[in-house]
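Q: As you go down the protein sequences, you meet chains A and B in turn. Per UniProt numbering, the first sequence runs over residues 1 to 402. Per UniProt numbering, the second sequence runs over residues 1 to 402.
Just so you know, the hints here were simulated from the structure itself, not pulled from any lab data. Computed from a predicted model, the values in this text were never measured in an experiment. Incorrect hints may have been included.
Note that the list lumps identical chains together, so a pair holds whenever it fits in one copy or between two copies.
Think about it this way: if two alpha-carbon atoms lie no more than 30 Å apart in a straight line, the pair counts; the simulated DSSO-like pairs of lysine-lysine are [stated by the list, open to error]:
| id | residue 1 | residue 2 |
| --- | --- | --- |
| 1 | 62 | 292 |
| 2 | 292 | 50 |
| 3 | 62 | 50 |
| 4 | 55 | 28 |
| 5 | 55 | 292 |
| 6 | 62 | 320 |
Each chain, written out:
2 protein chains.
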Amino acid sequence: MTSPWTQARRAARMNPSIIREILKVTEKPGVLSMAGGLPSADTFPVEALKAACDKVLSENAKEALQYAASEGFAPLREWVAERVKSLGMKVSADQVLITTGSQQGLDLVGKILCDQGAPVAVETPTYLGALQAFTPYEPLFASLATDEEGVLPEAIKKLPQVSPGTRFAYLLPNYQNPTGRVMGAERRAAVMAAAREAGLPVVEDNPYGDLWFDEAPPAALSSYWPEGSIYLGSFSKVLTPGFRLGFIIAPKELYPKLLQAKQAADLHTPGFNQRVVYEVIRNGFLEQHVPKIRAKYKANRDAMATALEQHLPPGCVWQKPKGGMFFWIRLPEGFDAMAMLETAVEAGIAYVPGAAFYAHAPDLRTLRLSFVTLTPELIADGVAILGKVLKQALEMAPEHAP
Amino acid sequence: MTSPWTQARRAARMNPSIIREILKVTEKPGVLSMAGGLPSADTFPVEALKAACDKVLSENAKEALQYAASEGFAPLREWVAERVKSLGMKVSADQVLITTGSQQGLDLVGKILCDQGAPVAVETPTYLGALQAFTPYEPLFASLATDEEGVLPEAIKKLPQVSPGTRFAYLLPNYQNPTGRVMGAERRAAVMAAAREAGLPVVEDNPYGDLWFDEAPPAALSSYWPEGSIYLGSFSKVLTPGFRLGFIIAPKELYPKLLQAKQAADLHTPGFNQRVVYEVIRNGFLEQHVPKIRAKYKANRDAMATALEQHLPPGCVWQKPKGGMFFWIRLPEGFDAMAMLETAVEAGIAYVPGAAFYAHAPDLRTLRLSFVTLTPELIADGVAILGKVLKQALEMAPEHAP
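Kindly produce the complete structure, drawing on both the sequences and the hints.
A: Okay, here's the thing in structure tokens:
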């Protein structure tokens with residue numbers, strides 16, 4: 001029997017999340033997983049959330065449980081506008097749109113800015129979820145050259161020639177997923193000057209910016225060119241991802257269209273969740289809470305750095321991340337992190353092969369390790385196993401040696 | 001200064017929700033509003049939700065606050081699959097996708113099934129939120145002829161000729177928003193036989209089906225042709241809209257694509273909300289709770305029916321709805337409900353002009369009244385004012401008389 005359904009052209013481009021497929025493979029009992037991008041559940045402020053749920057349902061139940069404004073809960077929008085001042089941003093609450101996680105922010109941006117065949121520039125590599133969010137809107141991806149600080153200003157400068165009509169550059173300046181890298185202040189200035197000069201708007205995604213270890217990252221990219229920037233933020237890494245709360249800060253020119261896209265997408269983000277989170281954070285809670293997350297993640301980062309030094313064979317290359325959740329490893333020549341995954345899982349550890357994070361020409365030698373889900377002790381065990389797997393592969397195929 | 005932003009072609013089609021704009025006008029102090037589509041906040045089970053929040057955060061906080069499966073919380077999906085058996089549907093839990101309100105279900109359906117210029121058939125009139133959800137995907141809307149039971153089987157039969165390549169028909173068989181009408185069993189059989197014969201899939205939206213007053217509506221449209229039907233459901237009208245919980249039931253053929261669209265849209269619906277709602281409903285709560293909503297809404301419906309009989313001038317036409325939340329009024333010839341709104345608001349009442357609910361050729365004489373937000377006493381007052389406004393208009397322009 002033939003199907004009565006005809007799918008949209010865009011549906012043919014959509015694919016299952018490779019990471020989610022990989023996670024299914026790697027979530028075997030007994031496997032030490034450094035694959036997931038999940039924040040540590042130990043950091044979730046359970047008691048504060050419990051008290052806030054109770055308060056909201058005791059004092060404002062009818063409002064919290066009713067349909068609500070598509071823009072979001074006004075006091076939370078005010079809080080966000082105030083909060084981003086510390087990133088050098090001067091915005092008003094009416095530029096803040098509360099989203100159902102920052103993934104929805106990416107979807108709404110794609111919906112109002114992407115056309116079939118119109119280029120969108122992304123870092124090499126970039127966040128997989130953004131590729132997934134934009135893909136249904138059928139852009140052409142242009143991969144921007146990067147180094148250990150992120151995108152190169154020259155790559156932005158060349159864009160009007162090599163990829164005319166690019167709608168925006170999607171950039172993650174802080175502890176990027178997957179590479180963990182952070183963009184320095186000079187680089188930011190150079191990149192944003194180049195973007196402005198090229199007339200290339202920037203979509204800045206900042207889920208990890210609060211997770212710095214020794215010093216806060218420089219000012220937001222959006223602070224350099226507010227009218228040419230959209231900023232995406234999230235409560236997932238500093239409070240809980242399970243409430244699905246993020247936000248967009250947009251130039252006033254774009255806000256009405258984003259709002260219409262938001263109405264069409266889910267009417268509004270759960271008002272209950274917005275009020276509960278606002279109740280938790282309104283009186284400076286994050287000032288006490290986030291430093292604890294930083295300290296915990298920093299200890300884990302250090303444990304992984306030590307273990308990598310100790311166990312990885314020569315020829316593996318990585319940077320020690322200054323924040324965030326991830327190490328990004330490049331294996332010696334000839335390695336294929338995807339091909340090696342099965343062996344690694346059998347040996348008892350899991351990672352995410354880096355290939356998933358490239359819009360084009362994946363670097364098969366790369367892999368991502370999360371340092372926030374395991375304890376320092378298990379990180380040491382896991383990295384030791386990874387080292388053993390790599391050394392065995394080197395012995396079996398010595399041409400891999402650097 | 002010129003803008004650096006280029007918007008997507010689809011963005012030009014998107015518009016602010018007319019209803020939300022109207023609500024801003026009508027939400028004046030002292031105005032009796034029958035405009036909103038909000039369920040009565042008195043029906044929200046505050047204590048049950050409070051207990052469930054506490055339980056989930058006491059017993060399963062880490063899971064509830066962590067990232068979760070895009071498909072939704074497994075026990076909730078099981079519950080939905082079991083629940084819809086009462087609608088004649090036989091589905092498995094792996095056909096259930098939890099969505100961020102059923103508005104998101106509409107967006108995901110549009111995303112995977114609508115192409116630029118490909119027709120989508122809708123009832124005349126239809127739910128405005130669906131028009132908004134589908135519009136960014138640039139379909140051509142085909143308006144299906146209807147009567148007091150909804151879409152006519154003949155309209156479906158003609159569709160392959162008059163609108164070849166129609167992707168699906170979007171139908172609301174139960175107490176439709178805005179008309180309040182319900183499709184009888186014979187009509188359902190005839191419509192679905194015609195759809196099957198025409199090879200025209202159906203997207204069935206059922207937010208109001210539980211809100212029947214005297215007898216439950218007939219079996220779901222989807223039960224007649226499961227492989228040609230997508231079913232959308234919601235917890236907004238039987239529990240709370242503020243948790244933003246809905247679901248899609250899809251044929252197995254379409255499920256993976258809907259799931260990919262869901263991942264791209266917001267990764268997953270808040271896991272906390274899913275667990276809390278499951279905790280509330282798992283042991284038959286709705287069997288006690290929903291009858292209370294029905295009784296309350298029925299009393300309001302009766303109050304409005306009585307008041308309409310008493311106060312509306314001759315020539316106004318309406319059906320007494322057998323469930324749901326809305327009366328749909330057609331004014332005498334020459335009236336324009338949109339043009340009259342300002343006068344009505346000044347007189348102290350608000351409604352939604354019906355024009356917003358048409359894909360084409362709006363019937364300017366129509367308006368929608370909600371009977372669930374005011375008390376029976378205020379409904380009587382509000383309808384009396386509406387009657388006065390109409391009678392005054394008739395006196396000033398007697399050619400309106402029927």
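Q: All hints, please: hold or fail.
A: So, going through the hints one by one against the coordinates:
1. Taking the closest pair of Cα atoms, residue 62 and residue 292 come within 30 Å of each other only across two copies (17 Å); inside a single copy the shortest separation is 34 Å, beyond that limit.
2. Taking the shortest Cα distances, residue 292 and residue 50 sit within 30 Å of each other both inside one copy (19 Å) and across copies (29 Å).
3. With identical chains, the CA atoms of residue 62 and residue 50 are at most 30 Å apart both within one copy (18 Å) and between copies (13 Å).
4. With identical chains, the CA atoms of residue 55 and residue 28 are at most 30 Å apart between copies only, with a shortest distance of 29 Å across copies and 40 Å within one.
5. For the homomeric pair residue 55 and residue 292, the shortest alpha-carbon distances inside one copy (25 Å) and between copies (26 Å) are both at most 30 Å.
6. In this assembly of identical chains, residue 62 and residue 320 lie within 30 Å of each other by CA distance solely across copies; the values are 29 Å between and 49 Å within a copy.
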